[in-house]
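Asker: Chains as they are written, first to last, in our numbering: chain A, 1 to 360; chain B, 1001 to 1307; chain C, 2001 to 2357.
These aren't lab readings, by the way, just hints derived from the structure by calculation. Just so it is clear, CB atoms sit at the ideal spot from N, CA and C, and this is done for glycine as well. Treat each hint with caution, since some may be false.
What the hints assert, rightly or not - Estimated spans, in silico, between C-beta atoms of each pair:
| id | chain 1 | residue 1 | chain 2 | residue 2 | range |
| --- | --- | --- | --- | --- | --- |
| 1 | C | TRP2350 | A | SER186 | 33 to 39 Å |
| 2 | A | ARG244 | C | ALA2075 | 37 to 43 Å |
| 3 | A | LEU37 | B | ALA1294 | 44 to 50 Å |
| 4 | A | PHE29 | C | ASP2115 | 39 to 45 Å |
| 5 | A | PRO194 | C | SER2067 | 31 to 37 Å |
| 6 | B | LEU1270 | C | TRP2350 | 25 to 31 Å |
| 7 | C | GLY2331 | B | THR1058 | 56 to 62 Å |
| 8 | A | LEU16 | B | LEU1284 | 38 to 44 Å |
| 9 | B | GLU1118 | A | LEU119 | 57 to 63 Å |
To be verified - Taking lysine-lysine and the DSS-like style, the derived pairs with C-alpha atoms no more than 25 Å apart in a straight line are:
| id | chain 1 | residue 1 | chain 2 | residue 2 |
| --- | --- | --- | --- | --- |
| 10 | C | LYS2275 | C | LYS2108 |
| 11 | B | LYS1301 | A | LYS9 |
| 12 | C | LYS2250 | C | LYS2153 |
| 13 | B | LYS1301 | A | LYS345 |
| 14 | B | LYS1301 | A | LYS141 |
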Amino acid sequence: MLIELEKRKEPSQAMLYLTPVIAVLATMFVGGILFSLIGHNGFAAVREIFITPLIDTHKWQDLGIKAAPLILIAVGLSIGFRANVWNIGAEGQYIVGGLAGTGIALLTWELEGWWILPLMCIAGVIGGGLYASIPAFLKTKLNVNEILSSLMLTYAAIQLLYYLMRGPWKDPEGFNFPQTRLFNDSQILPEIIPGTIVHLGVPLAFLIAIIAWFVMSKSIFGFQIRVVGSAPAAARYGGFSAKRTIWAAMLIGGGFAGLAGIFEAAGPFQQMVPQFPTGYGFTAIIVAFLGRLHPIGIILGGLVLAVSYVGGEIAQTSLGLPNAAAGIFQAMMLFFLLATDILVKYRLKLNLAKQAGDAS
Amino acid sequence: MSDTIIISIIMTVIGASTPILLAALGELVVEKSGVLNLGIEGMMLIGAVVGFAVTLTTGFHLLGIVIAMFASTLSAMLFAYLTLTLTANQVATGLALTIFGIGISSLMGEPYVGKTIEIFSSWFPASLAEHPQLRVIFGYSPLVYVSLALTFGVSYFLKKTRAGLILRAVGESDISAHSIGYSVIGVRYAAVAFGGAMAGLAGCYFSLVLTPLWSEELTAGRGWIALALVVFAAWKPSRLLLGAYLFGAIMTLELHAKAAGFSFIAPELLAAMPYLATIVVLALISLRKSSGLAAPACLAKPFKPST
Amino acid sequence: MKLISRRNVLKSAAAASTLPLLGKSAFAMDPVKVAFVYLGPIGDHGWTYAHEQGRQAAIAKFGDAISTTIVENVAEGPDSERVIRRLAEEGNDLIFTCSFGYMNPTLKVAKRFKDVKFEHATGYKRAPNMATYNARFHEGRAICGTIAGHMSKTGTVGYIASFPIPEVVMGINAFTLAAQKINPDFKTNVLWVNSWYDPPKEADAATALIDQGADIITQHTDSPAALRVCEERDLLAFGQSWDMTSFAPKAHLTAIMDIWGPYYIDRIQKVMDKKWESADTWWGFKEGIVALAPYNERIPADVVAEAEAIKAGIIDGSYDVFTGPIKDQSGKVRLAEGRLTDGDLLSMDWYVEGVQS
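With the hints as constraints, model all of the structure from the sequences given.
Answerer: This is the structure in structure tokens:
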């Protein structure tokens, strides 16, 4: 092997921040070639997907709306990931959070008042948190792998949604279509910029991410999370309870996902429908990695993913690119990021002398 | 109920179970080696579309299946390179593989939507395969018999062979296996490749036997059921077979019961059952550690030999 | 767009040559921009494919006088709202949103873009610049029911259904009532799969219904999977949305075809003439937006003649499958005499006698 990996003494800070950029650029380059090879105009596709949404100011509102739930969920998950708690069931927690808030909305549909919306949001947080507490309980009491349990619960949550939409929560005036009634004016997130569709949930998501940054970098709690994740032995020595950390990580992850769920239901959807789960909970995992589990990075990562979604739709109308293209670009982005990850801990070394007797 | 209905129900259940069984057999070997590949759904879709496209173009089912298995294995190798060679996070890489598989399969499959092929049906003579009673034994697609043979094959391999022992050792304690001199990474590469090939085979079952069509996301989330099944079976091939038929029964008996006029349980609850049952099994396994049923100790943990 | 080159445009080419050079040379105005939002891929050979054929018919008719855009695979919900809004921003004059789930998103965008005209398929909400349209599929169901009444040996037909919305319910009832005119003991066994498109599940549902004695399968879901099961088992079936003969040449009796072309042409023409108004359009055989695929040779000539006679009766108004007396599942008389109104049909949530669901 001509190129060898050499372990760095310390993880490279430069590479930590540089690799996501490399990943995005590599995706644009390789993606462009790939789509050219299969007979599309690959580089026009890259331009439409990655550049057009950024330079067209009309699209910024779409980016904000698409990025907000991703950022919110990813920030919650990143706290767990830092503590080595692998909650990958955010999609389920997002659904249950949305359902809990919808439950309040349906109970209060004949009422008006400023208090309804906050109550729905609280219900969303509690719903998501409670759903995440199942894997937390199983993990702390029985040492059940949270990757598997949280993933399984996602698919159970989807069925719960279907059940409620087809049965008890179906709009009584909706001709049997499987969806709830529309929320009333006290139950929807107000638009904050007149003439756009940007709802209150969007700035709140960004604000929460920034608050999370302060908490994670300045507080004892943030320190504890990082220590439990990176040096479990030291954490035990320092008196940090691993179980309490797992609980905290799961509840925060679930609560944030639940909040994102009710923001989405009370914002863009304004009702609950069976098509509510659109994979935000899974995409947020990409966002968390792309953002290096750092709240500010996650904001950027969320925007990059939002660009790829919105751009994918633009490319569909302007170039006739198939809808699947956006997904391929997203997956490639994550592949490249994970592939370049190794540069953080290792450095590439050109080795000409050792070539013959290379054993490793 | 008459004989014919019972026979038909058995055949439907086995038909619905086979793809889950095939995919789960692959994932079981992968997990036994200590790797968690969440990309089953993506690999299955790649297998389904490639198998369909090749069969449609050439007219040979077997060729379609072989090339599909190769394509899925190729995608599994991408996963293996990232997670094993570059020690990337397995959960994230597996999810990326699923997203990639959904995207690439619908892109590749675009020209094949709305086309159809001959069903890859039983090789036995019609006197057996279409016999009103004997069809319960002879009336299946060859892939069904392959899935049974592979179940016993995998079980034998893991329990009785030296290679199987090494594979399990790698999954239980990578560091000791490495220190005895086994190539942890090499074993895991092989396991992931096998998982990919099996997912491709499972995908083919959807597009060549069950429907036989290609449509976007044809597998409709059944890759996740396969993942649940591995856990539900507590990583034991024999239980995998029973579990697959149980899950298959859950998925299809609802339709049979409703067609017969019984409606005893909400279909959504039934659909959630495989996942809920898996969580219960996970908890039970943990409660009874001594019974020897447990997740491979190194599951989803990256291995990097210190140099 | 890529489609025009890929899909066969035989029909379009033939039609275009006979057309007067309307629009383009006569008025020399900018082309009318028309956009279509599709739920599935255009190649689904069902619902979305049929809408795409409608667009092709409009292109064939108007040629350069219109320019069209499509977006396929648009998820229902906020994603569709974004797509619809984008199409409105891009200066489209007329936007067709071709799935029920686009109802509220279309309405929201319509409120914002008062100058753009919207057309939503299968919904029930309208605005001054948002019309709705649907087809009287139940007229086609009545023909299928008539054929099934003659062709079914067991007197039981399996019906794979998606969701119990009025459109599906009235289809089940129309099918059953028409079949009972031939065979008074006719039973329709309905199996809900809670999905519009799930090929493996539709295949399993067909098997389950066959096991319970059905010898013909009809469906209100979009995939040809059930047809394949019937072909394999040498039974009979009806296609959905488009001619599905190629999937099951032996089993495919006929299919209800959604011919959206005449409607799209009519609405685009109204935009050109500045006569477009919001309306609720519900056309059928008479206007040519419901049609039947070619009859299978296995249907005897007298049955074909009867089916054609009923079709003629529907067109001239002398035949209405929903003519009293009609009893519901519990045996209660729902309609003693006369006919059900459109309003009754559009809120239908009960099943006629002989339906097992």
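Asker: Against which earlier hints does the structure fall short, listed by number upward?
Answerer: Hints that this structure does not satisfy do not exist here, as all of them hold.
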